[in-house]
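In case you want the letters, here they are:
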Amino acid sequence: MWTAYSAQILLGTWVTVKLTVVALIAGSVLAMILAAGKLSTRKIIVVICSGFTAMIRSVPELLVLFAVYFGGEVVLVKLVGHYVNLDYFVSGTLALSLIFAAYFSETLRGAYLAIPKGNITAAHAFGFSAWQRFMHVLFPAMWRYALPSFGNLCLVLLKDTSIVSLIGLHDLARAAYIAGSATEKPFTFYALAGVIYLMLTHVIMMVNRQINHKLRISKC
Amino acid sequence: MLTILHFLPQMLQGVLLTMMVLICALALGLMLSFLFTFCLERQVNRYLSYLIHIYLFIFRGTPTLVQIFIIYYGAGQISLIRYSFLWQAFKQPFFCAVLALGLNTAAYTTALFTGAIRAIPRGEIQAGIALGFNNVALYQKIIIPRLFSIILPAYSNEVVMVLKSTSLVSAITLPELTGVTQTIIGQTYMTSGL
Numbered sequence: 034m035w036t037a038y039s040a041q042i043l044l045g046t047w048v049t050v051k052l053t054v055v056a057l058i059a060g061s062v063l064a065m066i067l068a069a070g071k072l073s074t075r076k077i078i079v080v081i082c083s084g085f086t087a088m089i090r091s092v093p094e095l096l097v098l099f100a101v102y103f104g105g106e107v108v109l110v111k112l113v114g115h116y117v118n119l120d121y122f123v124s125g126t127l128a129l130s131l132i133f134a135a136y137f138s139e140t141l142r143g144a145y146l147a148i149p150k151g152n153i154t155a156a157h158a159f160g161f162s163a164w165q166r167f168m169h170v171l172f173p174a175m176w177r178y179a180l181p182s183f184g185n186l187c188l189v190l191l192k193d194t195s196i197v198s199l200i201g202l203h204d205l206a207r208a209a210y211i212a213g214s215a216t217e218k219p220f221t222f223y224a225l226a227g228v229i230y231l232m233l234t235h236v237i238m239m240v241n242r243q244i245n246h247k248l249r250i251s252k253c
Numbered sequence: 005m006l007t008i009l010h011f012l013p014q015m016l017q018g019v020l021l022t023m024m025v026l027i028c029a030l031a032l033g034l035m036l037s038f039l040f041t042f043c044l045e046r047q048v049n050r051y052l053s054y055l056i057h058i059y060l061f062i063f064r065g066t067p068t069l070v071q072i073f074i075i076y077y078g079a080g081q082i083s084l085i086r087y088s089f090l091w092q093a094f095k096q097p098f099f100c101a102v103l104a105l106g107l108n109t110a111a112y113t114t115a116l117f118t119g120a121i122r123a124i125p126r127g128e129i130q131a132g133i134a135l136g137f138n139n140v141a142l143y144q145k146i147i148i149p150r151l152f153s154i155i156l157p158a159y160s161n162e163v164v165m166v167l168k169s170t171s172l173v174s175a176i177t178l179p180e181l182t183g184v185t186q187t188i189i190g191q192t193y194m195t196s197g198l
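Chains as they are written, first to last, in our numbering: chain A, 34 to 253; chain B, 5 to 198.
No lab work stands behind these hints, which were simulated from the structure alone. Heads up, a few of these hints could be off.
[To be verified] Below, a sample of chain B positions facing chain A; criterion: calculated Cβ distance under 8 angstroms:
no.	residue
1	L55
2	H57
3	I62
4	G65
5	L69
6	V70
7	I74
8	G78
9	I82
10	R126
11	L135
12	S171
13	A175
14	T182
15	T187
[What the hints assert, rightly or not] Covered, in the sense of this in silico footprint (three residues per stretch, anywhere, with C-beta under 8 angstroms from a C-beta of chain B), are these stretches of chain A:
no.	stretch
16	43–54
17	164–178
Beta carbons are placed, not taken as given, at the ideal position from N, Cα and C, and that holds for glycine.
Can you make the complete structure from the sequences, with help from the hints?
Next up, the structure:
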């Protein structure tokens, strides 16, 4: 029983990890763009970015995923003109990155606002370009404020990846579902999946604690 | 547009079910978290505290969906549940959904409560003891009112989280809002409007 399904479970774990990492990277990039948009001086950009964030944050994660997967297909068909099959992995990653970006952009915005205004003024006074300002003044200060919340969001993201099993992507939760229904031992396999999720969250928590610890030392 | 109007009553029923699951899960979660916090704070029993910590670790470290599945699909495998009166409850998706979400929110709320109790200024509790309050009065007049004022912002977040995770129970065939919407989409192939 174990040998027959352990490969499947491992494969599922790999998909879960892959989803988390890809969504984390894509989501972080998107979050930076969104945060920049929300801090922009142009009213219309602020309204669009804040509206997007508010919408994603107030809708259940599952619904975002369904909207991207089922809705995205409809939109694509209208755009291209013939039937297109949206890949599970692509739509799953897209939905998860959108969710992650919406939450993380709020954190980044808060982190930006927490930077003493004098630092930015000083950078201006030194004649830093926008890029230099970001790289040497804003970013080093921002990620310290954002890090604790980033760690929490990583955990939430990892746990949210389980919903992609509902659109048929073969992740850990789905592997457990299939193995459980095939062997009629659902409890065993869900418990196994639960243990694997626990180990993954534990790894993230430990890394997070290490980084936070390092940060505290370098701050002094 | 017409289709939406046509299916509106069904969707409203879904909303009703969503609200029912939400309220039951929150009530269960709140009661359990009170109990757990009390056990942890008063150190009723060392092994009980260990058990609660393990429970907190498990329920905060695994996805809600897996918890729902393990309770709904997994319970049948345990013969103690399968062949006793408990099965009457565990075979109903509503009960399983409420149990899973309730246990899930109880874990997060217990963490909030234990944090909040530590945030109550010690002086206030000591003042209560100095005034000769007994334990009941201490909880009733000082600890619980303070607890709620500290916890309220974080707890409202938790309520929103539970509301959003109720959408997951559509996966165990409970026809709440998301489940109803899925069925309607299956019938009409209209995705965006719904």
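Quick rundown of the hints versus the structure:
1. Interface restraint check: L55/B against chain A, minimum CB-CB distance 16 angstroms, threshold 8 angstroms, status violated.
2. At its closest, the beta carbon of H57/B sits 13 angstroms from a beta carbon of chain A; the interface hint therefore is violated under the 8 angstroms criterion.
3. Taking 8 angstroms as the C-beta cut-off, the interface hint given for I62/B holds, the closest approach to chain A being about 7 angstroms.
4. Using the Cβ-Cβ criterion of 8 angstroms, the hint placing G65/B at the interface with chain A is satisfied: the shortest such distance is roughly 4 angstroms.
5. Interface hint status for L69/B: upheld, as the beta-carbon distance to the closest one in chain A is roughly 4 angstroms, under 8 angstroms.
6. Proximity of V70/B to chain A holds as hinted, the smallest CB-CB distance being about 6 angstroms (cut-off 8 angstroms).
7. Because the closest C-beta pair between I74/B and chain A is about 4 angstroms apart, less than 8 angstroms, the hint holds.
8. Among the interface hints, the one on G78/B holds; its C-beta lies about 3 angstroms from the nearest C-beta in chain A, closer than the 8 angstroms criterion.
9. Given hint, I82/B at the interface with chain A, holds; its Cβ is 6 angstroms from that chain's nearest Cβ, closer than 8 angstroms.
10. Annotation: interface hint on R126/B violated; nearest CB of chain A at approximately 26 angstroms, more than 8 angstroms.
11. Among the interface hints, the one on L135/B is violated; its C-beta lies about 39 angstroms from the nearest C-beta in chain A, farther than the 8 angstroms criterion.
12. Hint status for S171/B relative to chain A: holds, with the closest Cβ pair at about 4 angstroms, below 8 angstroms.
13. For the restraint placing A175/B at the interface with chain A, the shortest Cβ-Cβ distance is roughly 6 angstroms, inside the 8 angstroms limit, so the hint holds.
14. Because the smallest distance between the Cβ of T182/B and any Cβ of chain A comes to about 6 angstroms, under 8 angstroms, the interface hint for this residue holds.
15. A cut of 8 angstroms between beta carbons decides the hint on T187/B: the least distance to chain A is about 12 angstroms, and the hint is violated.
16. With 0 residues bearing a CB less than 8 angstroms from a CB of chain B, the stretch 43–54 of chain A misses the requirement of three and the coverage assertion fails.
17. Counting residues of the stretch 164–178 of chain A whose CB lies closer than 8 angstroms to any CB of chain B gives 0, so the stated coverage by that chain is violated, three being the minimum.
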